[in-house]
Structures are given as C-alpha cells and as structure tokens.
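Enquirer: Each chain, letter by letter, is given below.
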Amino acid sequence: MENDNRLKLSRREMIIGTTAAISAIAATKLTSIEAGESNKIALADVSFVVNGKKQHLALDTRTTLLDALREHLKLNGTKKGCDHGQCGACTVMVNGRRINSCLSLALQHEDDNIVTIEGLGSPDKLHAMQAAFIKHDAYQCGYCTPGQICSAVAVINEINSGIPSHVSTNLNQSPILNNDEIGERMSGNICRCGAYSNIVEAITEVASKAVKKAR
Amino acid sequence: MKSFTYQRVTTALDAAKAADKTPGSKFIAGGTNLLDLMKLQIEKPAHLIDISKTGLNKIELNTDGGLRIGAMVNNTDLASHNVVRRDYGLLARALLSGASGQLRNKATTSGNLLQRTRCPYFYDTNQLCNKRVPGSGCAAIAGFSRQLAIIGSSDHCIATHPSDMAVAMRALDATVETVNVRGEHRKIPIADLYLLPGSTPHLENTLQPGEIITSVLLPPPIGGKQIYQKIRDRASYAFATISVGAIIYPDGSGKLALGGVAAKPWRIEQAEALLPKGSKLVTERLLAGARPTGENQYKIMLVERTIESVIQQAKR
Numbered sequence: 001m002e003n004d005n006r007l008k009l010s011r012r013e014m015i016i017g018t019t020a021a022i023s024a025i026a027a028t029k030l031t032s033i034e035a036g037e038s039n040k041i042a043l044a045d046v047s048f049v050v051n052g053k054k055q056h057l058a059l060d061t062r063t064t065l066l067d068a069l070r071e072h073l074k075l076n077g078t079k080k081g082c083d084h085g086q087c088g089a090c091t092v093m094v095n096g097r098r099i100n101s102c103l104s105l106a107l108q109h110e111d112d113n114i115v116t117i118e119g120l121g122s123p124d125k126l127h128a129m130q131a132a133f134i135k136h137d138a139y140q141c142g143y144c145t146p147g148q149i150c151s152a153v154a155v156i157n158e159i160n161s162g163i164p165s166h167v168s169t170n171l172n173q174s175p176i177l178n179n180d181e182i183g184e185r186m187s188g189n190i191c192r193c194g195a196y197s198n199i200v201e202a203i204t205e206v207a208s209k210a211v212k213k214a215r
Numbered sequence: 216m217k218s219f220t221y222q223r224v225t226t227a228l229d230a231a232k233a234a235d236k237t238p239g240s241k242f243i244a245g246g247t248n249l250l251d252l253m254k255l256q257i258e259k260p261a262h263l264i265d266i267s268k269t270g271l272n273k274i275e276l277n278t279d280g281g282l283r284i285g286a287m288v289n290n291t292d293l294a295s296h297n298v299v300r301r302d303y304g305l306l307a308r309a310l311l312s313g314a315s316g317q318l319r320n321k322a323t324t325s326g327n328l329l330q331r332t333r334c335p336y337f338y339d340t341n342q343l344c345n346k347r348v349p350g351s352g353c354a355a356i357a358g359f360s361r362q363l364a365i366i367g368s369s370d371h372c373i374a375t376h377p378s379d380m381a382v383a384m385r386a387l388d389a390t391v392e393t394v395n396v397r398g399e400h401r402k403i404p405i406a407d408l409y410l411l412p413g414s415t416p417h418l419e420n421t422l423q424p425g426e427i428i429t430s431v432l433l434p435p436p437i438g439g440k441q442i443y444q445k446i447r448d449r450a451s452y453a454f455a456t457i458s459v460g461a462i463i464y465p466d467g468s469g470k471l472a473l474g475g476v477a478a479k480p481w482r483i484e485q486a487e488a489l490l491p492k493g494s495k496l497v498t499e500r501l502l503a504g505a506r507p508t509g510e511n512q513y514k515i516m517l518v519e520r521t522i523e524s525v526i527q528q529a530k531r
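These protein sequences, in sequence, are chains A and B. For what it's worth, the numbering used here labels the leading residue of the first sequence as 1, then goes sequentially. For what it's worth, the numbering used here labels the leading residue of the second sequence as 216, then goes sequentially.
To be clear, the hints were calculated from the coordinates, so they are not data collected in a lab. Cβ coordinates follow ideal geometry from the N, Cα and C atoms, glycine included. Do not take every clue at face value.
What the hints assert, rightly or not - Derived lysine-lysine pairs resembling BS3-like cross-links, with alpha carbons at most 27 Å apart: (1) A:74 x B:217; (2) A:40 x B:232; (3) A:80 x B:254; (4) B:530 x B:440; (5) B:232 x A:54; (6) B:232 x B:273; (7) B:259 x A:80; (8) B:268 x A:53; (9) B:254 x A:74; (10) B:217 x B:254; (11) B:254 x B:273; (12) A:53 x A:40; (13) B:217 x A:80; (14) A:54 x A:135; (15) B:273 x B:259; (16) A:80 x A:125; (17) B:236 x A:40; (18) B:530 x A:40; (19) B:273 x B:241; (20) B:217 x A:40; (21) A:40 x A:74; (22) B:254 x A:40; (23) B:259 x A:40; (24) B:217 x B:232.
As the list claims (entries may be wrong) - If you only want the chain A side, here are some residues facing chain B, beta carbon under 8 Å, derived: (25) 42; (26) 83; (27) 103; (28) 126; (29) 128; (30) 131; (31) 164; (32) 169; (33) 177; (34) 187.
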C-alpha cells in the first residue's frame, strides 16, 4: 500500500526529524533572548581522538564532552540522562578511565583519547561485555545500557589494576571479585528498569574470564 | 549555562596571574561540581581558567617523611596510591566512600576541598539562600533540614560542607600550600582553611582572590587504627548524613573529625582527650553549643553512637 511508505522511517530518523522541528522553533526564540541580553557566544577549538579517529571541533565554550559526542560527532550511543552526573548514562572512557561526559567540558579534553560505546564493539563484532549483557538480559528499555557497559568494562580494568573500593575489606590486598564489589563499583550507574541483578551476572561472567586471563 | 571565555594555563602561577587579570573568572579543574552549578546558573563565571593540565598531579614523599599531594591528583589515584593505602588508611577510606567511580576519576584534590555545599536550598534558585544571594535570607532553617548543620551554623546559614576527604584531611592535620599572583607561597593548616557562616555564608574559605592551591601536605604517618565511618541514606553514592573519621591507638587515645554536621570538618582537639572515657563524654564536648533544628536533632545521638561504633571497631 502506498501509505505504508510513510511508516518506513526508523525510530531514530523520526526522532531526529521531530527534534529538528522543535529546535528550529527554539533557536528563533534563543536568538531574540540573546540579542536582548547581548550575551555573546564564545567559540574555541579542540582536538581529541574518539574511537581511534582524530577529531577537530570548533565549539561554543559551554559544550560538554557529552554534547560534543552526540550533537557534533553524531555518536548517539552515549546517552544524556540527568546531565548532572547522577545517573551515569553518559559514561565514556577517557585515557582508559571512565568519567561522566556530561560533567566535563569538551575543551578540557585536548589531545585526550576517548572511547564510547561505538568504539567498544559493533553489531557484527560485539565486545564481550555487550554480548554478556544480551545473553543475561541485562536491560529492559536499554537507555542506561551504553553507560552501564562502558562503566562495567572500566570496572574490570580497575579491579585488575588493584584500585580498592569502599567495600574492599583490606586496602593493601588486590580487590576480589564478588557481588558486593560489583554493586559498589557500579553505583554511579542508575537503571530505572531495575535490571541490576542481570547486570551483575553479565559483569561477573566477563570479569571471571578477564581476571583469569590476567593471572 | 551563561556564556564564558576559556583559557588553558600550564602553571599555577600563570593561573593566579590570569585570575588577577580577568575579573569574574574561576578556576576549573575536574569540573564535576563547578559545571553542575554553572548549568543551574548558581555559578556564572565570565571566564574559565583551566588548571587541569598544570602538572600538579604528582604524589611525592616529602623530606619530613610525609606526603605532598598535587592539587590536581584525582580522587581515584589518591585513594589507590600505595603509601596512602598503607599509611593513611583514613584518607583512602574517606575518598572511597565518596561519590561514584566515574566522579572519583575526574574530581581533584583541591576541587574536593573547595566543593560547594549540597544544601537543597542553595541548589534551588527559587529558594532564598544567603550563600547564593547574600542577604536574601535562608529558607533551609525553617525548611527540610534533616541533612543540614547542627553546629557552627548561624541564623543566616545551616549548610554543611559535603566532603568526606576533607574530614580525613582534618583528622590527619593536613596543610594546604598555595601560590598567589605575586608568586608568594603560603601554607594554611586545614584547620584554618574553612570559614563558619556567621553573617557572611557566601565566604567559605580563607583563600585570597586569585590565590590557588598547589598541593596538600600530610605529616609523617601517625599509625593507629584508622577508620572512616559514614552514615548515609543508601549504601553507596550518597552524601553523609554524618561521618566520623578517626585514628585510635591501643591505649584508647586518638584523634577524630566529623563530617555532615557543620560548614567545615568538625574537630575539637579537647574532646579527643576524652576518647578513653567513652563516646558520651567525647560527644558532649565535641558538640557543646550545638544548635540543631527540630528535623536534625537526631544527628547528636547518631554522632555519639557512630563514635562508639568506631571505638569498638578499633578494639578488634
């Protein structure tokens, strides 16, 4: 049927189309407000590597790393949840360490090496943690999942490099891998669907192998 | 967020000079607190001076046997440093009890010390707050105050200092090193870093405009059983309702500081002399002159019981 063609838009295309329409309205308003307050927009350049690819951007100084990734580089895998460092949906890895990309200015990442969920694996070649999340049904709506997976990958690195946690009983021994440790270390990632028990199972499976490999 | 101009500097002295030259500027390090406040337009700097790449990210053994911790050392690196874990367990424990893994990777040592209160009335720009808008009033005192200060507060402000790390630093007698625009260095004992609110709660510390923290000094290791006990509404990733950071020796003597009760880490050295006599007497002296609200009066008993718990843990 002819009408069906209209339904062939993907969910993302639909959202992009709708958001663009709303942005167009908002942008008009914003220009007039800024003109009224004579609020100048300051621009600055930054260069960093994202998922192995060098990027050069000229940005409004206010742009967070999260917005640079999503809005400028169109890497939509990293999600904006609270935008205040409370939910962990925006977790990415910078120079091997996980951070909240919403609480970091893009300009502060000159020469940094950034890895997002898109850099961990692809649909054809999943990262072990992505595969484990699917196997253990470690999500429902999936919105927090990229942040959970980036965080989980970093947690294994942290345990392997001996970084202690609040629940480690002995600060001077290598941290062990158990549910308490995983729960504590993942507390910066909120899942409002409550998939926590399956998330812990997925991480445990990958971590057990990773720790074995290291030994 | 209000628009701002941005510059990177490579030394602390350059940062101090840049701040002196540009009115309305602020230093940004990890940014985990400042950016949050800028998004809410509680902080509105016209210019940001990025000090994150000033090379102040080293932890070094000091000639006196203590540690010199660079101001830009992040909370994860500080908590996992071998010497900190071995000799300053209280500091490692306090750091690990705070924030989340992501935030600890980004938050710096000096930023942690200088973070702003999490009083909900400070954060809500629709509410009156003398810290945010001097002279506007305090909605917290008659409001939801169960998390707020019980001592050292005033009729103008009952906000608490949120840092766990600062409580450990206070009990360990840390000293802050600074530099100013003229290149002059200053050492400030952490006991003298913070101001109580009085009638000027917007003034939070004794740093001069443009003066910048370069490092934190820890005295040589003092041994003892080092314990940080934090009471909070959930088991992880929450600010303290109250916390006790303590160093306890086999004879029952020791040092301790409290978090979550005042606008600074709360320590009264005379109260520590009473440690061998038990938690009740220590708490009476430590919290003498407390002025809790109806909602946070419970903190006094909670402090006593947490100190008792710490004393008992030290005996094990």
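Enquirer: Quickly compare the C-alpha distance for residue 236 of chain B and residue 40 of chain A to 27 Å and report which way the hint goes.
Expert: holds, 20 Å
Enquirer: Please work out if residue 259 of chain B and residue 80 of chain A have their alpha carbons no farther apart than 27 Å.
Expert: holds, 23 Å
Enquirer: Going straight from one Cα to the other, do residue 217 of chain B and residue 254 of chain B come out at no more than 27 Å?
Expert: Given that 27 Å is the threshold and the Cα spacing comes to 8 Å, the pair holds.
Enquirer: Double-check residue 164 of chain A for me: the hint is only fine if its C-beta lies closer than 8 Å to a C-beta in chain B.
Expert: Holds - the Cβ of residue 164 of chain A comes within 8 Å of chain B, reaching about 6 Å at its closest.
Enquirer: Given a cut of 8 Å on the nearest C-beta pair, is the interface hint for residue 42 of chain A held or broken against chain B?
Expert: holds, 5 Å
Enquirer: Taking only the CA atoms, is the gap from residue 232 of chain B to residue 54 of chain A under or equal to 27 Å?
Expert: violated, 33 Å
Enquirer: Holds or violated: residue 74 of chain A and residue 217 of chain B, Cα atoms, limit 27 Å.
Expert: holds, 24 Å
Enquirer: Would the pair residue 530 of chain B and residue 40 of chain A pass a check requiring their Cα atoms to be no farther apart than 27 Å?
Expert: violated, 62 Å
Enquirer: Would you check the hint for residue 254 of chain B and residue 273 of chain B, treating anything up to 27 Å between C-alpha atoms as holding?
Expert: violated, 30 Å
Enquirer: Using the nearest Cβ pair, does residue 131 of chain A come within less than 8 Å of chain B?
Expert: violated, 23 Å
Enquirer: Tell me if the straight-line CA distance from residue 80 of chain A to residue 254 of chain B falls inside 27 Å.
Expert: holds, 14 Å
Enquirer: Do the alpha carbons of residue 259 of chain B and residue 40 of chain A lie within 27 Å of each other, as the hint requires?
Expert: holds, 14 Å
Hints 5, 11, 12, 14, 15, 18, 28, 29, 30, 32, 33, counting from the list given before, are not met by this structure.
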